[in-house]
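J.: From first to last, the protein sequence lines are chains A and B.
Just so we're aligned, residue 2 is where the first sequence starts under the working numbering, counting upward by one.
Just so we're aligned, residue 13 is where the second sequence starts under the working numbering, counting upward by one.
Please note that the accuracy of each hint is not assured.
As the list claims (entries may be wrong) - Label-pair restraints from in silico Cβ distances:
id: 1; chain 1: B; residue 1: K71; chain 2: A; residue 2: P110; range: 54 to 60 Å
id: 2; chain 1: A; residue 1: K384; chain 2: B; residue 2: A44; range: 34 to 40 Å
id: 3; chain 1: B; residue 1: E107; chain 2: A; residue 2: D316; range: 30 to 36 Å
id: 4; chain 1: B; residue 1: P110; chain 2: A; residue 2: K346; range: 37 to 43 Å
id: 5; chain 1: B; residue 1: A72; chain 2: A; residue 2: A367; range: 20 to 26 Å
id: 6; chain 1: B; residue 1: D98; chain 2: A; residue 2: E190; range: 46 to 52 Å
id: 7; chain 1: B; residue 1: E107; chain 2: A; residue 2: V351; range: 24 to 30 Å
id: 8; chain 1: B; residue 1: D79; chain 2: A; residue 2: S320; range: 45 to 51 Å
id: 9; chain 1: A; residue 1: E243; chain 2: B; residue 2: K71; range: 29 to 35 Å
id: 10; chain 1: B; residue 1: A72; chain 2: A; residue 2: F99; range: 46 to 52 Å
id: 11; chain 1: B; residue 1: E107; chain 2: A; residue 2: D329; range: 40 to 46 Å
Read the hints as simulated data drawn from the structure, not as lab findings.
The beta carbon of each residue, even a glycine, is placed where N, CA and C say it ideally should be.
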Amino acid sequence: MTSRRDFLKTASAVALAAGAAHPLLTWADDAAAISVPGKEGMIVRSYRFLDLEMPVELMTEWITPVQHFYVRNHMFAPAKIDPSTWKLTIGGEVDKPFSLTLADLEKIPQHTVTNAMECAGNGRSMQSPKVPGIQWGKGAVGNGKFSGPSLKTLLEKAGVKDTGKHVMFRGLDEVPGKVPPFIRSIPIEKAIDADTLIATHMNDAPLTTHHGFPARVLTPGWAGAASCKWLTEITVLDKPAEGNFMSPGYRLPNTPVKPGEAVKPEDTHSVTGLAVKSLIAGPGDGAKLKPGKQEIKGVAWAGEADITKVEISTDGGASWNGAQLGTDHAKYAWRLWTYAWKPAKSGDYVILSRATDSQGRVQPDAAVWNPSGYLYNAYDQVKVYVQA
Amino acid sequence: MSRLSAYLVTVALVCAAVVSAAAAPQNEQLPAGPMQEKAAAACLSCHEARIIVQQRLSKAAWAREMDKMTKWGAPVDPADRDALIDYFSANFSPEQSPYVAPRTSGKPVSKTSAKAKH
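The following block holds chain B by itself, in its conformation from the complex (with noise of 0.2 Å):
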């Protein structure tokens, strides 16, 4: 990789981070890694990648969860569970800032509080 394309990746990187966290996308998406399409196989035909990737859990946590969902049906190859867990809290661990929820489009009706705008 060039030192131009590395700087641009950084860029785009950082960049995609600020946006994120402004404001998280509709179709929340699993992280890329060497397990991201096992694990958007096993999850996401029940739920969709937002309740992941808003958890903050140690690996202990994700075990247990990971366990939980299998035995709610899953599909995990128990040659994967460790990988799987080990893709989840790299990416969603307490150390990580908070996930930003996005808003459903459209005006509110009730009034907003005086003085809550930023």
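Isolated chain A (complex conformation) (with noise of 0.2 Å):
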């Protein structure tokens, strides 16, 4: 039997015998595997820059292991970073601008926030029409356990001035071109939230370079863009940082639009907290199920709010149970959920979830339609069989 490898070989030389390949196009030896030391398993969404998503099966576990968290970078990760030299600038709006060492900000003292993190563009590519961006399928989310000094210490010691109302982070990023630096701020009442964190530990360990190494800031609830990464320089501004990743990026429709619709910057607002949202882990889509008890699990979350409910359906939607929501939970964090399923008989099954949480916000049947496809969170759904 012809190896793969082989084949290609015989389908690349039929192809140049034909003319139809070009020189700028070699088939790619795709036995070579992408590595990506310390983030094994992950879905590939963009390799250079690094968007890396968590598959949706591992979400097994209340603290999702760093191997296994998201990474969204906009641009290149710094090459980088020697902690000796790293510094971090308060400045702005302040009465005394000053900077810190990492080792002055390990002596500030720490505050530990578990938090489901998630890209506001998870769920993206299930947006109809499609809209153009990275294309997440369900794991651009993880639960983590972020440690470092409030950003209000920070701010207290600088002496906020009254005219001070957004916080802006900037980041190391590597730039190329003439792409607008990574820059966002978010108001100055969430940044003086005792949960507000410059966080130099995630899950116990230091940050490593994919998650901002040697420090970053952790906004908790929000979007995952709030909390920028590789931290050097927090500048407090009289209103919100302009720039491409205020606006037109990271913004909503202040009213739903229809479908495929343009909005006018002047009717968008900034994506802030996280929407109610739960997956399920599994079964998997598309699994042929033995017949009997089966466990249906998965997770929940809800941004700044708490995760009250979940239910499951069997049906496709008809009827609904609640799950068993999992024993650990924290304040922005999110829940693990079992159900216990027995299938009367055998056949396709549509399995869905939905969520409720405290604000009584419910997932919907289908997300908010918006141009950048930010904060999708439709009930989620798996298709599965159940064998005779």
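Could you use the hints to bring the two separately framed chains together as a complex?
T.: Encoded structure:
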């Protein structure tokens, strides 16, 4: 039997003979896998620059191992940051601008927040009509334990003036061409919340480069873009930061628009807190199940709100039953859930999950379409076949 | 082209499509076509082809992306703009099947949820 590699060689030769191949178009050696040390088994949305997604079937633990935590880089990660010379400056609308070393940061009282971080664009590939951007499936989300000083402590030391309304973050990303730098700001009210951190640790270990070493912002409950990585500058502003990643980037229409419709910039607002959402980690979509008892399981989160309920339908949405919520919980964290199911007979089933939160928000059957595909949160769905 | 080579090309293309559906290659390429070289020169110094080939956009949306990227420094001769938009929208339109992303090598540390295997 011809091996796949031999076949590809043959196919390539045939294509060349037919004049179909262009000198730039070479058959990639697809036997050479993409290796990202410390990020094994991740879905590659982009390798250069790096965007990695967690396969949904791995969402079985309350704390997501760093190895499986999604990575969203808008630019190139800094080639090298020397922690001994790295510095964080705090300035702008403050009385006493100052700078800190990593050692200084570690001397400030530490605070830990367990946070379900999700990329604003998670689920974008499921939007219809399609929208441009990284075509995330379900897994640009993870639940991590972040530690470091509260941003509030640093702002208090600097003394924010009455004119300080927004806090801007700048990272050390390497920006190619004339691409605008990844600069965003958060309102002062969120910045002085004790749970908003300058995190140096994730899951009890120093941050890895992929997650923003040596320090990143943690804006809990908000879309990941509010949690700037490789942080080097904090500037207090009298108004929101300007630039592509504040507008038109990361904005939602003020009122729902018809799918496909353009939205005027003045009719939009910044993405802030995450939506209420659940995902089914198992069984996998397309699974063939043996008859008898099944366990349906997954995760649910709601940004700044708490999950109060996860319901499961095994009949395509005609009826719903409550799932058992996991015992591990914390403000901003995701919640594991399980549901015991015994299918009455063999055949095809559509399993749906929907979450409800403490603000009364309910995961909808269809997500609200928007031009950039942010905060997709329709019911999760898997189709399975139960064997006779 | 002889009937045999035409047949072989068809087989090769069909099989290549099957292979790419199973797992996209490490070094994603822009598809063959008259604008391939210019598209590569315009786009691939800042990001890999995978960011392009995973999109499924209308021609109007491709035009917006082209203009945004040109503003951000993509070297595009204004005379090539429309042909590049045609090239991207012909190859990556909403009608095409979704891009199947590869995975990084190595074993996951987390236990896969029970019965998630197909």
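J.: Against each hint, give a clear statement of whether it holds in the structure.
T.: Okay, the hints, checked on the actual structure:
1. The hinted range of 54 to 60 Å is satisfied by B/K71 and A/P110, whose Cβ atoms lie roughly 56 Å apart.
2. The given range of 34 to 40 Å is respected by A/K384 and B/A44, whose C-beta atoms sit roughly 36 Å from each other.
3. Separated by about 32 Å at the C-beta atoms, B/E107 and A/D316 satisfy the suggested range of 30 to 36 Å.
4. Checked against the given bound of 37 to 43 Å, the beta carbons of B/P110 and A/K346, roughly 32 Å apart, lie outside it.
5. Taken as a hint, the range 20 to 26 Å holds for the pair B/A72 and A/A367, whose Cβ atoms sit roughly 23 Å apart.
6. The given range of 46 to 52 Å is respected by B/D98 and A/E190, whose C-beta atoms sit roughly 48 Å from each other.
7. Checked against the hint of 24 to 30 Å, the C-beta distance between B/E107 and A/V351 comes to roughly 25 Å, which is consistent with it.
8. Checking the proposed 45 to 51 Å range against B/D79 and A/S320 shows it holds: the Cβ atoms sit about 49 Å from each other.
9. At roughly 31 Å, the beta-carbon separation of A/E243 and B/K71 lies within the given 29 to 35 Å, and the hint holds.
10. A hinted range of 46 to 52 Å for the beta carbons of B/A72 and A/F99 is consistent with their spacing of about 49 Å.
11. About 44 Å separates the C-beta atoms of B/E107 and A/D329, a value consistent with the hinted range of 40 to 46 Å.
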